[in-house]
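*Asks:* Take a look at the letters that make up each chain.
Number of protein chains: 2
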Amino acid sequence: MNMEPSISAPVHSTDKVHESKDMDTISLSSSHCQAHDTPHIHKVGIPPKQNLLKEIKATVKETFFADDPLRPFKDQTGSKRFILVMQTIFPILEWGRSYNITKFRGDIIAGLTIASLCIPQDIAYAKLANLDPQYGLYSSFVPPLIYALMGSSRDIAIGPVAVVSLLLGTLLQNEVDSKKEAETYRRLAFTATFFAGITQATLGFFRLGFLIDFLSHAAVVGFMGGAAITIALQQLKGLLGIQVFTKKTDIVSVLHSVFVSAHHGWNWQTIVIGLSFLAFLLFAKYIGKKNKKFFWVPAIAPLISVILSTFFVFITRADKQGVQIVKYIEKGINPSSVKEIYFSGQYLPKGFKIGVVAGMIGLTEAIAIGRTFASMKDYQLDGNKEMVALGTMNIVGSMTSCYVATGSFSRSAVNYMAGCQTAVSNIVMSFIVFLTLQFITPLFKYTPNAILAAIIISAVLGLVDFEAAILIWKIDKFDFIACIGAFFGVVFSSVEIGLLIAVAISFAKILLQVTRPRTAILGNLPGTTVYRNIQQYPGATKVQGVLIVRVDSAIYFSNSNYVKERILRWLVDEEEELKASYQPKIQFLIVEMSPVTDIDTSGIHALEELHKSLQKRDVQLILSNPGPVVINKLHESNFANTIGEDKIFLTVADAVASCCPKLATEV
Amino acid sequence: MNMEPSISAPVHSTDKVHESKDMDTISLSSSHCQAHDTPHIHKVGIPPKQNLLKEIKATVKETFFADDPLRPFKDQTGSKRFILVMQTIFPILEWGRSYNITKFRGDIIAGLTIASLCIPQDIAYAKLANLDPQYGLYSSFVPPLIYALMGSSRDIAIGPVAVVSLLLGTLLQNEVDSKKEAETYRRLAFTATFFAGITQATLGFFRLGFLIDFLSHAAVVGFMGGAAITIALQQLKGLLGIQVFTKKTDIVSVLHSVFVSAHHGWNWQTIVIGLSFLAFLLFAKYIGKKNKKFFWVPAIAPLISVILSTFFVFITRADKQGVQIVKYIEKGINPSSVKEIYFSGQYLPKGFKIGVVAGMIGLTEAIAIGRTFASMKDYQLDGNKEMVALGTMNIVGSMTSCYVATGSFSRSAVNYMAGCQTAVSNIVMSFIVFLTLQFITPLFKYTPNAILAAIIISAVLGLVDFEAAILIWKIDKFDFIACIGAFFGVVFSSVEIGLLIAVAISFAKILLQVTRPRTAILGNLPGTTVYRNIQQYPGATKVQGVLIVRVDSAIYFSNSNYVKERILRWLVDEEEELKASYQPKIQFLIVEMSPVTDIDTSGIHALEELHKSLQKRDVQLILSNPGPVVINKLHESNFANTIGEDKIFLTVADAVASCCPKLATEV
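Going line by line, the protein sequences match chains A and B. Just so we're on the same page, the working numbering is the position in the first sequence counted from 1, plus 242. Just so we're on the same page, the working numbering is the position in the second sequence counted from 1, plus 242.
No lab work stands behind these hints: they were computed from the structure. It cannot be assumed that every hint is accurate.
One copy or any two copies: either way a pair holds, since identical chains are not told apart in the list.
Distance condition first, Cα-Cα at most 27 angstroms in a straight line; then the derived DSSO-like pairs of lysine-lysine [said to hold, decoys possible]:
| id | residue 1 | residue 2 |
| --- | --- | --- |
| 1 | Lys784 | Lys296 |
| 2 | Lys854 | Lys345 |
| 3 | Lys716 | Lys299 |
| 4 | Lys716 | Lys296 |
| 5 | Lys619 | Lys854 |
| 6 | Lys858 | Lys535 |
| 7 | Lys716 | Lys889 |
| 8 | Lys595 | Lys562 |
| 9 | Lys858 | Lys619 |
| 10 | Lys716 | Lys784 |
| 11 | Lys821 | Lys619 |
| 12 | Lys535 | Lys345 |
| 13 | Lys821 | Lys322 |
| 14 | Lys422 | Lys573 |
| 15 | Lys422 | Lys595 |
| 16 | Lys303 | Lys719 |
| 17 | Lys854 | Lys534 |
| 18 | Lys296 | Lys719 |
| 19 | Lys285 | Lys784 |
| 20 | Lys827 | Lys889 |
| 21 | Lys303 | Lys322 |
Computed from a predicted structure; not experimentally measured.
Turn these sequences into a full structure, and let the hints steer you where they fit.
*Replies:* Structure follows, in structure tokens:
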């Protein structure tokens, strides 16, 4: 496919280089002006002027309805539209119609597997939230059912999770003592759950889902890791049978409690039971990791541990030797808790505040899980719709004695590996939990607390993601600071502080990005008309008498002064260098604006000031390739006229070409 | 300068088009694959790996020491370095050495002019801050002296200003009643001034000056305009001689006060004096605006008004007719107020909070003025050094009975027009204020308050910048929202609310920018190898079977999901369109990454997910022109290997060329 019929005598061996044949003959030296004294056929395009209303509409659409959620409703009428609306709210109506026995086989196996995993976890996690064990089970009964109706993830497993339980427990304990005022504490927990649901549903309904994107992946990794360590350390209480233990969650207080009680507070029977089953659980995990076929081993290991240890305690009556046991779990399904929620009084704002925080963290976890599995199976997940589903599920949950439920990392992974097909696996799990609540809770009486501690430890260790942390270190050092900042914050202080650090560093990163954008000096890649960063391409050569600066960001009020001053500093540096080597001075400054996606009033001011400063130095300002938004604003502010329409070019090469003939005559 | 000796027979009249000669022969139609099946000689450059410490050092330097403040100290030793340090702290040591009589002539005229303007303004502004009139004069005596030693702006006129006075008055009044607890109020004012200075000096010292850039120009225009209207309305009290007046500053309360008192509370003598001198002042302003030569007319008009009206009241004894007068101004220069500052107790945190806010607003005003005049006379202004100077001046001020001083827009403009050469004009002004305090304050006894109100109104009207607002509307609609948001916030609620709105909208804009970056579909400009946004360049043609998307922002956690989903949505839209017109489907998706200046862990994840989704659709992902930071991270995260090194190209044209031969055989 030789497209060069008009070239008779190629002079180079690289004659097929497709860019700028006319430049083949110039040398690699930077001391020659690479002149293309040619008229350029393409001018910088000025997009058609948009109607203001249209512009605002487009912005709002791109911000809030980027995923075009109303698309399927277009060109539909009446009953069809009603069906579509119902299907949108309850996706089960859509996928339910194509549900079949093959899918059900997958779902029932997955459902049974996650049920066996969730029952012991629920009991254990309820303790993290300082609630009685049955509340964990309640939260695995109602919320999964609601989610199955409204959610669109096929793989997520809904229920209480370790981190949210710890967070809720810590925040609630700060307000009310869970021991002394158990009822107030529980009511505040439901209130928080209610507002967590309201927060989630509201964010989804008003399409503000993108707000959770402000918690960066790195910060989440650090936060989760820190929370896992904190949770695991707290389990030393149950695992070692310590009676007197700190209420604080930081590592110093916890280890202090552990060592202070070393001589008189530890219970050896508890330790034996706890450590042996912990070893068993970790071994089961190892097997599951070693061979994916045995994913079910770690999944049922907790239930087996519970059964074995309960039976063991029952026949040995080890509880009389100081081994602490669950003692009592309320039998029967969720009672109503509508009247327990505080809709007024001093606990309303407290519940609201805690609910917002717990709701956001719950969302972050659920959406991250949903997205991960959706991308693995390649189906679309509407984040905002998910939030409405999760929110509704928690609102209903708060009225049926549940506390904040969300998607669980570990159970969702098991669900996926067990071959779940749809959210029916959650229904199956919910049904098993229902049976448990109805019939077998009394059997948990002799379950030793040490087993629950062991189950929590083995579950949360998976949340410490070393590989992710290493990858983050490799890719982005600033991200890594956010990651360890959140981690140390949680471990050495508290979950709230860790969370605060994570959010603060995430924001600092964004602000830094917009305050100190990168700029680069461009040079010509020999033999082409391509101009690139001379730091990245050491072979690129500068053009004599011309300084080409690329600004790598929109020019906004937050960086306009910096950008202006940075460009002037490049000029000063360059001129000093040139002076040192007795070369002619800079006559043209080309600002390559391809990456400048937008400019605001402050940005225009900065350009005007730059232009003035350059005029005083006898340097001509030239712009290259402003985008559609920028060129419009350059015209509307009249800056295009100030520097001259003919000083705005389509490419850097065009701009350089326009400088060079003049240079040639002057130099 | 024909550089094309190797081309024998140009086939086009535009044969001098310098880009891609080899493409001249292909048509304008988009149905042809514009293949350049040539090896490309330049690969994407991978910059040399940087030492981590070096990298961090470079980032810190660019963030905090972007202006390279230590540059002059390099290669200097001993006493020379000491002199340089002293000159850095006290620039007067530097410019003072070349000071001469010519400069002094300019400075003395300018100094006398701004002194005549500042004396009546000081007395009036002190009332805005609910302080006795002498405190305004005090603040025009000490701070300008300190600034003259340490500041580097040559044109700024230092002293109390209207907006800061109003802000301080409002914030202080919220805490302490200025009438009932006058002493506490005054002490709190000094405390706030002290912390305003500390805030300013600290920001400068730690090189955090860029923080004030977060208040956008548009927000400042709106805030200033709103504050000006608020201040002017409040002056109706003095202008109309109303006795009972609201303490609130919002327009509704103020107008209510005015109309309620219409029948019995207005004093006609006051109104006659006030309105006639207001007319005189506005006429003087008009003359000054009409002819720049008469700039001194509006500058001395206030002093003339004061003298005339005082004399008038003195001989007619109008004060006995209900015309309110100043009554008493303390004679003598600033007493020490070191012991009046609250360094402990309940007022410490209040003073701190108010000081931080007032300090930031003062800074914003002073730096804006400094930058404006520096760019007009083309000298460099170090923002951080300025902040240290302004901060020191307010700290010293707080100990010598001054309240927050900063640069005044109106007086600086007069200073500039009167031909000031250096900060000596501030010293001259300060000296005149000193003489006033020492000898003539008793003469102000009969000055009617109505005159002060008229002076304030005529001064602040200049802060309402309609032209700027119109320009903002033209350039950036979002900026305009920030502008009117701040304006209405101040006018209808209070200065704090207006300020809060301004900051909130400014931040929202930054966050929106990083959450919803622009993306564009690129097409080929016929006859070139240039690819541009097809919306901006309707002539650009799409390449068959290839979709080229440009991402116009760094890909960070805050937008990574959006970017991924937006690209996929472009693909879906495009494929639907192609299907509708029975054209072959997309086989290649080129992501043009030139504007992607950085990418973080979340961004890499998003690319990985995009890659997976595309694989499922049988679309090949290709990257074009990643920058130095991005290419490094692509390698470190191993993503470059995942998609294949040979799928990363230097230019879009190269990338398209790589697709086309394959397309040609398959289509």
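*Asks:* Each hint: holds or not?
*Replies:* Each hint, compared with the structure:
1. Lys784 with Lys296: Between copies only: 25 angstroms across, 43 angstroms inside.
2. Lys854 with Lys345: between (71 angstroms within a copy, 24 angstroms between copies)
3. Lys716 with Lys299: Intra 41 angstroms, inter 17 angstroms, cutoff 27 angstroms: inter-copy only.
4. Lys716 with Lys296: So Lys716 and Lys296 pass the 27 angstroms test across copies only (15 angstroms; inside, 44 angstroms).
5. Lys619 with Lys854: between (57 angstroms within a copy, 10 angstroms between copies)
6. Lys858 with Lys535: between (75 angstroms within a copy, 25 angstroms between copies)
7. Lys716 with Lys889: Between copies, since 22 angstroms is at most 27 angstroms while 43 angstroms is not.
8. Lys595 with Lys562: neither (42 angstroms within a copy, 60 angstroms between copies)
9. Lys858 with Lys619: Close across copies (10 angstroms), not inside one copy (62 angstroms); limit 27 angstroms.
10. Lys716 with Lys784: Neither way: Lys716 and Lys784 sit 32 angstroms apart in one copy and 37 angstroms across, limit 27 angstroms.
11. Lys821 with Lys619: Cα proximity of Lys821 and Lys619: across copies only (25 angstroms, versus 62 angstroms in one copy).
12. Lys535 with Lys345: Close inside one copy (20 angstroms), not across copies (89 angstroms); limit 27 angstroms.
13. Lys821 with Lys322: between (76 angstroms within a copy, 25 angstroms between copies)
14. Lys422 with Lys573: within (24 angstroms within a copy, 66 angstroms between copies)
15. Lys422 with Lys595: within (22 angstroms within a copy, 38 angstroms between copies)
16. Lys303 with Lys719: The answer is between: 16 angstroms across copies meets 27 angstroms, while 34 angstroms in one copy does not.
17. Lys854 with Lys534: Close across copies (22 angstroms), not inside one copy (68 angstroms); limit 27 angstroms.
18. Lys296 with Lys719: between (41 angstroms within a copy, 12 angstroms between copies)
19. Lys285 with Lys784: both (24 angstroms within a copy, 19 angstroms between copies)
20. Lys827 with Lys889: within (20 angstroms within a copy, 41 angstroms between copies)
21. Lys303 with Lys322: The answer is within: 25 angstroms in one copy meets 27 angstroms, while 62 angstroms across copies does not.
Hints 8, 10 from the earlier list are contradicted by this structure; the remaining hints agree with it.
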